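Take these sequences, add in the hints, and give me the full structure.
So the chains spell out like this:
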Amino acid sequence: MNLIEILSYGFIQRALLAGTLIAVLCSVLGVFLVLRRLSLIGDGLAHVTFGSTAIALALKFYSAASLLVSLPIVLLASLGILKLTERGRLSGDAAIGIVSAVGISAGIMLASVGGGYNVDLLSYLFGNILSISYEEVLIAVALFCVVMLLLGLFFNDLLAVTFNEELARVSGVSTHLISAVLVMLTALSVVLAMKLVGIMLISSLLILPAVSALQLALSFRACIALAALQGCCSVVAGIFVSFVTNLPTSATIVLLNLFCFACACGLRRLITISRNKQVA
Amino acid sequence: MSAEIVATDRLACSYREGSVLEDISFTVAAGDYVGIVGPNGSGKSTLVQALLGLVPISAGSARLFGARCDGFSQWGRVGYLPQSLHLLNPIFPASVAETVGLGLLSLKKFPRRFTRHDRAIVDELLNELDIYDIRAKLIGELSGGQQQRVLLARALVNKPELLILDEPTAALDPETRERFYRMIADINRSRGVTVLLVTHDSGVIGQHASKMLYLDKRMLFYGSFDDFCHSAEMSNLFGEYSQHLMCHRH
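As you go down the protein sequences, you meet chains D and E in turn.
By the count of this note's numbering, the first sequence reaches residue 280 at its end, each step adding exactly one.
By the count of this note's numbering, the second sequence reaches residue 250 at its end, each step adding exactly one.
What the hints contain is simulated information worked out from the structure, not anything from laboratory work.
Keep in mind that this is a model prediction, so the values were computed, not measured.
Where hints are given, some of them may not hold.
To be verified - Per label pair, the in silico range of CB-to-CB distance:
hint: 1; chain 1: D; residue 1: 225; chain 2: E; residue 2: 56; range: 39 to 49 Å
hint: 2; chain 1: E; residue 1: 117; chain 2: D; residue 2: 265; range: 37 to 47 Å
hint: 3; chain 1: E; residue 1: 74; chain 2: D; residue 2: 276; range: 46 to 56 Å
hint: 4; chain 1: D; residue 1: 273; chain 2: E; residue 2: 133; range: 16 to 26 Å
hint: 5; chain 1: E; residue 1: 136; chain 2: D; residue 2: 108; range: 48 to 58 Å
hint: 6; chain 1: D; residue 1: 225; chain 2: E; residue 2: 90; range: 15 to 25 Å
hint: 7; chain 1: D; residue 1: 273; chain 2: E; residue 2: 140; range: 35 to 45 Å
Stated by the list, open to error - Partial selection, computed: residues in chain E whose CB lies under 8 Å from chain D:
hint: 8; residue: 54
hint: 9; residue: 78
hint: 10; residue: 82
hint: 11; residue: 83
hint: 12; residue: 90
hint: 13; residue: 94
hint: 14; residue: 98
hint: 15; residue: 102
hint: 16; residue: 111
hint: 17; residue: 132
hint: 18; residue: 134
hint: 19; residue: 135
hint: 20; residue: 138
hint: 21; residue: 142
Where is the CB? At the ideal position from N, CA and C, for every residue including glycine.
Here you go:
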């Protein structure tokens with residue numbers, strides 16, 4: 001089967017479009033999250049998404065409609081993590097751990113009580129981008145536009161807060177507002193990414209392109225661009241490779257990202273050795 | 001009479017562990033260069049953080065440019081340089097030009113976008129501070145002295161009327177430290193920028209600052225360096241020999 005034939009399938013077109021948009025979102029936000037030591041927030045919010053999906057299925061909201069139930073719950077959870085960190089004398093990872101545990105236990109509890117929709121719920125654990133519906137693509141496009149617009153409007157404020165909160169406050173940046181914007185944008189992206197890589201692997205899409213880009217970037221903007229490029233390429237390549245080899249798409253995407261990270265680390269090492277030789 | 005840039009009245013700050021600052025009252029006039037000195041844990045950093053609204057005030061009041069510090073919004077008039085080591089994330093991928101440009105945010109309104117003119121301002125200042133050559137380098141790759149110059153450029157890029165520096169030389173070798181102090185004194189004189197500088201080096205700061213504020217939870221001394229050197233109270237506190245050593249360098 002050649003490339004043109006593969007591209008002629010409607011489900012592949014939908015997967016490529018939605019997957020690319022979500023990968024760009026996750027990769028760009030990932031750079032801010034990794035630098036603010038909030039890398040695992042994606043994991044925590046994914047677990048909340050699991051719980052909220054269980055609620056959606058219990059209320060008979062399936063497929064795209066389940067996103068409408070998940071979105072407000074996950075947005076609230078993201079703000080909950082922020083509040084716990086700011087007011088509860090907790091470190092970010094402990095706050096994420098608490099919200100994550102509540103989310104996953106709520107999901108398991110509802111799945112156990114509901115019984116009948118266990119299979120549907122478990123399919124969200126590992127994701128299936130090839131089964132993405134037309135309505136889900138539309139939601140992905142709309143949310144992509146919203147998130148990118150907000151990122152564009154707040155980009156310099158986000159950069160300032162990520163660099164140093166104290167300095168950002170003395171530059172007149174409302175650090176509470178900007179932190180809330182960052183975690184809410186992450187919540188939106190996590191809910192979207194659930195179908196792409198599944199709840200178990202969402203954090204890899206947030207973390208791996210960002211940490212790869214951090215190895216090679218020569219400026220903050222270059223870092224954002226590199227992360228987005230890796231996220232995009234890994235999703236496109238992952239969809240094709242998994243289709244041809246009949247491997248699970250989400251795991252293929254994650255492994256490709258891991259491969260890129262290994263290459264970035266290797267390249268970084270080579271650059272360091274070459275610089276040291278020049279100095280010597 | 002010079003305008004009051006900073007004014008505190010019976011200022012006090014406390015954390016859960018207890019009181020950190022008590023009964024601090026002083027004023028700083030435009031063009032002053034005030035060295036804030038005192039032993040470890042004396043509340044020096046807390047004082048400047050309270051002035052910047054970064055820590056809450058538990059009693060009394062503090063004003064910058066006549067406005068209360070807890071609701072202060074004229075950030076374009078203030079430049080701040082915190083302790084560099086505590087500030088920098090070594091993997092942060094910002095270039096020198098990007099880092100310095102962030103100082104211009106205090107002059108911008110939402111959405112805070114940078115223009116070509118902003119980039120020209122940054123380049124001009126980098127030239128002035130002799131760090132233009134490293135403008136494309138990542139800040140994490142620089143030496144301590146270079147990082148300090150970059151962060152100073154960030155604090156100066158908005159052309160502030162008040163520059164607040166919190167132990168800026170803690171991580172620097174003596175030679176770089178001395179160069180840094182000379183640079184700050186030059187900025188104070190040539191640009192008329194009011195300077196508040198927190199430091200351990202009570203002897204060295206005396207060579208440059210016009211006033212000394214000696215702090216140990218309470219304000220033990222505030223006045224000119226000459227007055228400090230002739231103060232009987234300070235002789236009692238330090239011993240005459242130590243006071244002489246500090247003042248001799250002046």
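Structure-based check of each hint:
The given range of 39 to 49 Å is respected by residue 225 of chain D and residue 56 of chain E, whose C-beta atoms sit roughly 40 Å from each other. Range check, residue 117 of chain E to residue 265 of chain D: about 39 Å between beta-carbon atoms, so the 37 to 47 Å window is met. Taking 46 to 56 Å as the suggested C-beta distance range, the pair residue 74 of chain E and residue 276 of chain D conforms, at roughly 47 Å. Checked against the hint of 16 to 26 Å, the C-beta distance between residue 273 of chain D and residue 133 of chain E comes to roughly 24 Å, which is consistent with it.
Against the hinted window of 48 to 58 Å, the Cβ-Cβ separation of residue 136 of chain E and residue 108 of chain D comes to about 51 Å, which satisfies the hint. Restraint check, residue 225 of chain D to residue 90 of chain E: a C-beta distance of roughly 22 Å satisfies the suggested window 15 to 25 Å. Taking the beta carbon of each, residue 273 of chain D and residue 140 of chain E are about 18 Å apart, not inside 35 to 45 Å as hinted. The beta carbon of residue 54 of chain E comes within 6 Å of a beta carbon in chain D, closer than 8 Å, and the hint placing it at the interface holds.
With a cut of 8 Å, the hint placing residue 78 of chain E at the interface with chain D holds, because the nearest CB-to-CB distance is about 6 Å. Annotation: interface hint on residue 82 of chain E holds; nearest CB of chain D at approximately 6 Å, less than 8 Å. Taken as an interface hint, residue 83 of chain E does not check out: its beta carbon lies about 10 Å from the nearest beta carbon of chain D, beyond 8 Å. Checking residue 90 of chain E against chain D: minimum C-beta separation of about 11 Å lies over 8 Å; hint violated.
For residue 94 of chain E, the suggested interface contact is upheld, since its CB lies about 5 Å from the closest CB of chain D, less than 8 Å. Hint on residue 98 of chain E holds. Least Cβ distance to chain D is approximately 5 Å, under the 8 Å limit. Here the hint on residue 102 of chain E is kept, as its CB sits about 5 Å from the closest CB of chain D, short of 8 Å. With 8 Å as the threshold, the beta carbon of residue 111 of chain E comes within range of chain D, its nearest partner Cβ sitting at about 5 Å, so the hint holds.
Hint on residue 132 of chain E is violated. Least Cβ distance to chain D is approximately 16 Å, over the 8 Å limit. Taking 8 Å as the C-beta cut-off, the interface hint given for residue 134 of chain E is violated, the closest approach to chain D being about 13 Å. For residue 135 of chain E, the shortest C-beta to C-beta distance to chain D is roughly 10 Å, which exceeds 8 Å, and the interface hint is violated. Checking residue 138 of chain E against chain D: minimum C-beta separation of about 7 Å stays under 8 Å; hint holds.
A hinted interface residue such as residue 142 of chain E counts as satisfied when its beta carbon comes closer than 8 Å to some beta carbon of chain D; here the least separation is about 14 Å, so the hint is violated.
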